[in-house]
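*Asks:* So the sequence lines, in the order shown, correspond to chains A and B. FYI, in this note's numbering the residues of the first sequence are 26 to 668. FYI, in this note's numbering the residues of the second sequence are 297 to 380.
No lab work stands behind these hints, which were simulated from the structure alone. Just so you know, not all the hints are guaranteed correct.
What the hints assert, rightly or not - Lysine to any residue pairs mimicking SDA-like chemistry, simulated, CA-CA at most 20 Å apart:
#	chain 1	residue 1	chain 2	residue 2
1	B	356	A	477
2	B	356	A	633
3	B	337	A	477
4	B	350	A	346
5	B	356	A	631
6	B	350	A	412
7	B	350	A	465
8	B	314	A	477
9	B	356	A	650
10	B	356	A	630
11	B	350	A	363
12	B	337	A	631
13	A	139	A	241
14	B	314	A	465
15	B	314	A	133
16	B	350	A	650
17	B	356	A	465
18	B	356	A	651
19	B	350	A	630
20	B	356	A	241
21	B	337	A	630
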Amino acid sequence: MLKPKQMSRVLLVGHKDVLEQTIEVLHSLHGLHIEEYEDDGYFNIGKPLPGAEQDSKDLLKLRSISSFLGIGDPYHRPVDAKQLSSGLKEKLEALDSTVSEKLSRKSDIEANLKDVETKTHDITPFSGIPIDFDLCSGYDSLQVFSGVIKKGTDIETDLKKITSEYQLFVGNTGVILLFVPVRYGDDVSHLLSECEFAEVKIPEISGVPDILLSELESRHDLLTADLGLLSVEIDSIKSQDEEFILSSEELLAIETQKKEAPLFFATSEHAFVIDGWIPDDEFTLMKSRVSEATGDRVHIALREEAADEVAAEDTNIPIEYDNPKIVKPFEAVMNLYARPKYHEIDPTTFVFIAFPLFYGLILGDIGYALILLGISLYGRSKLHGEGWNSLFTVLIYCNISTLFFGILYGEFLGFPLAELHGHPGLIPGWHTVDLFTAMGDELVTFPIHRTHLVSTLLILTILIGVIHINIGLLAGFRNVLKQHGMREAVLEKVSWMVLQLGAFLLLFGMMGVIPSMLPGACVLILAIGMLIAGEGAVAIIELPSILSNTLSYSRLLAVGLSSIGIATAINTMSGMLVESGGLFIIGGVAVFILGHTINTALSVIAPGLHALRLQYVEFFTKFYEGGGRIYDPFGYNRVYTEE
Amino acid sequence: MTVDIASATLEQILANQKGLLAIGAGLAVGLAGIGSGIAEKDIGAAAVGAFTEKEELFGKGLIMTVIPETIVIFGFVIAIMMII
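Chain A on its own, in the form it takes in the complex (with noise of 0.2 Å):
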């Protein structure tokens, strides 16, 4: 539970003619970590299957058609594999060239779409011209002008100036369209320059612009019908054929998964070797499913020689996490700071227990862990894949815990529950009960008024986080303890305790509980000293984190109450204008709807990211390292289709 899977480094050596029954064996057994086998001269890499190029073209094929088809969507109901490989081939080519053809028809569809719009585009400024395009060019006596002028400008008057012998056409959309003899062109032009005159080019059709727009836009509709007539086919494909290209996809991703596999082996003229981990529980049934299979015909050994040499490869090992299946959500928690190394303490189990007791301890409201509950249990059951499936459960588990303290606070929705001395509570005639005074003359009371015992929560919190800190420290010591020895365990981690022990010696000697201070001051530079001889004069730097990694703790305490301040506020606010009676009242209903859906949404990023960091930041740092590979077990998660 708080180690990781042990590993064993194995060796499987046999003869070429039982490569391929072991590869079999090995791929379902799903178990065996391959290490790829680099060149050394010695042996050679091992070449793919035979059939392995077909298999992966195939592959390639099936992924273009499920991605032209838009498949995606997860489809639970295995298909016999078998069944599946015999028709697979022929109904691929089948299914190939169907698509292919369709493929072709859109994108022929979709050129003549693109060709459309781009004479629609050319023609639509000379729309209400009653010219033909064919008769706009090619004169030699005449020049031709079109384009655009300022707004609101006259040209005529000035055009009759210069010439009589003219023409000239307006479009709908101001575009004009000008022709005079050759001979004026120069004044015109400069009439025209002087009317802030910008050509728009004359499309290269022949055709009155008007007759053109509406043919274009005719078949601009056949198109598109075109268009939705071969969508629905293709959806048509889709739904018909969804199952055979999700199974067979992942059947030819197995298929060439295997048939590929040689190429992380070291093979020689007729023999092969496979390096590679595997979990020590599964090893035995391996060695016997791998003999049965290829009749004995290969040997198989643990490399327990190289026990040292293991412990030095400390990060090669991969890392298969080794949980209950209640903490197993929490290894996504892990995943995101890194994966623990082989010979260190898996803290999961830790972050398993303080994440949502510290969740719990900030948020303790019963509104909200209601409604978080309800929100992770809906979207546990719609939303599937393992990433969401390991946050909603984390959310579960800290809204179970956040109920828990809701009722041990007696807070709903940032309403207090139960009276307390004359500050009214939501449910009348439950008064709190006085159970005893603590801190400063705060009276612990049932149900915990927090706002009214924050000296008492504060030393609490950093209790708490005292506690926390020297879990970390004592799975600190086992972990040095394991790779340095007893000396560093103690000079690196012990040191911390006893810091921590010199400092509250002090602290009880200034308050005056005990009579003097020297032992305080005697313990902590005893402390210091073995700091300094264990990590080095760097120590000294790091001192005051003690400090700051304790009282970083009061944020649980911290964090609440502003989560309580924002709450009441929003009850404040929409309490007056709810009792200001009338239309106040829909406005208070929804600065209440609206104050609330902001401070859970505020509920589960602030209280979340806190309990986090306490974990990473305090926590983590006084025993772990991580940065473990991921254990990848050649092998394939059947999802679509079953052997």
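Assemble the complex: chain A is given as a structure, and chain B must be docked to it using the hints.
*Replies:* Relative to the frame of chain A, chain B by itself:
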């Protein structure tokens, strides 16, 4: 508004002191918050840049980003101690 100290009652003086304490507590949290914010904005920007390049750095980036948050927690502790 000026307060004539000589003619102020004891209640007024006490109320004034309470007000000043509240202002002090507010400054402690507020200024510490600004400090945290300034520190976090730079780290946050760099962290986002880093984990866009390499997603595994998200956890480390988050930690680096929230380290200065402790400053405002200190401010909060001081504020609480002032008010109580």
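*Asks:* For each hint, tell me whether it holds in the structure or not.
*Replies:* So, going through the hints one by one against the coordinates:
1. Restraint check: the Cα-Cα separation between residue 356/B and residue 477/A comes to about 37 Å, which exceeds 20 Å; the hinted pair is violated.
2. Restraint check for residue 356/B and residue 633/A: the C-alpha separation of about 16 Å stays at or below 20 Å, so the hint holds.
3. Restraint check: the Cα-Cα separation between residue 337/B and residue 477/A comes to about 34 Å, which exceeds 20 Å; the hinted pair is violated.
4. Restraint check: the Cα-Cα separation between residue 350/B and residue 346/A comes to about 23 Å, which exceeds 20 Å; the hinted pair is violated.
5. Simply put, residue 356/B and residue 631/A have alpha-carbon atoms about 18 Å apart, close enough for the 20 Å limit, and the pair holds.
6. A C-alpha spacing of about 19 Å is found between residue 350/B and residue 412/A, which places the hinted pair at or below 20 Å, so the restraint holds.
7. The straight-line distance between the Cα atoms of residue 350/B and residue 465/A is roughly 50 Å, outside the 20 Å bound, and the hint therefore fails.
8. Of the pairs offered as hints, the one joining residue 314/B and residue 477/A holds, with about 18 Å between alpha carbons and a cut-off of 20 Å not exceeded.
9. Using a Cα cut-off of 20 Å, the hinted pair residue 356/B and residue 650/A holds, with the two alpha carbons roughly 11 Å apart.
10. Proximity of residue 356/B to residue 630/A is assessed by CA-CA distance (about 18 Å); at most 20 Å being required, the pair is judged to hold.
11. Straight-line distance between C-alpha atoms of residue 350/B and residue 363/A comes to about 13 Å, which keeps the hinted pair within the 20 Å bound.
12. Restraint check for residue 337/B and residue 631/A: satisfied, since their Cα atoms lie roughly 17 Å apart, inside the 20 Å limit.
13. A hinted pair counts as satisfied when its Cα atoms are at most 20 Å apart, and residue 139/A with residue 241/A qualifies at roughly 11 Å.
14. A distance of roughly 18 Å separates the Cα atoms of residue 314/B and residue 465/A; the hinted pair therefore holds under the 20 Å criterion.
15. A C-alpha spacing of about 81 Å is found between residue 314/B and residue 133/A, which places the hinted pair above 20 Å, so the restraint is violated.
16. Of the supplied pair hints, the one linking residue 350/B and residue 650/A holds, its CA atoms being roughly 19 Å apart against a limit of 20 Å.
17. Restraint check: the Cα-Cα separation between residue 356/B and residue 465/A comes to about 39 Å, which exceeds 20 Å; the hinted pair is violated.
18. Proposed proximity of residue 356/B and residue 651/A is supported: the alpha carbons are some 11 Å apart, at most 20 Å.
19. Simply put, residue 350/B and residue 630/A have alpha-carbon atoms about 23 Å apart, too far for the 20 Å limit, and the pair is violated.
20. For the hint pairing residue 356/B with residue 241/A, the CA-to-CA distance comes to about 59 Å; that exceeds 20 Å, so the pair is violated.
21. Pair hint residue 337/B plus residue 630/A holds up; C-alpha atoms about 18 Å apart against a cutoff of 20 Å.
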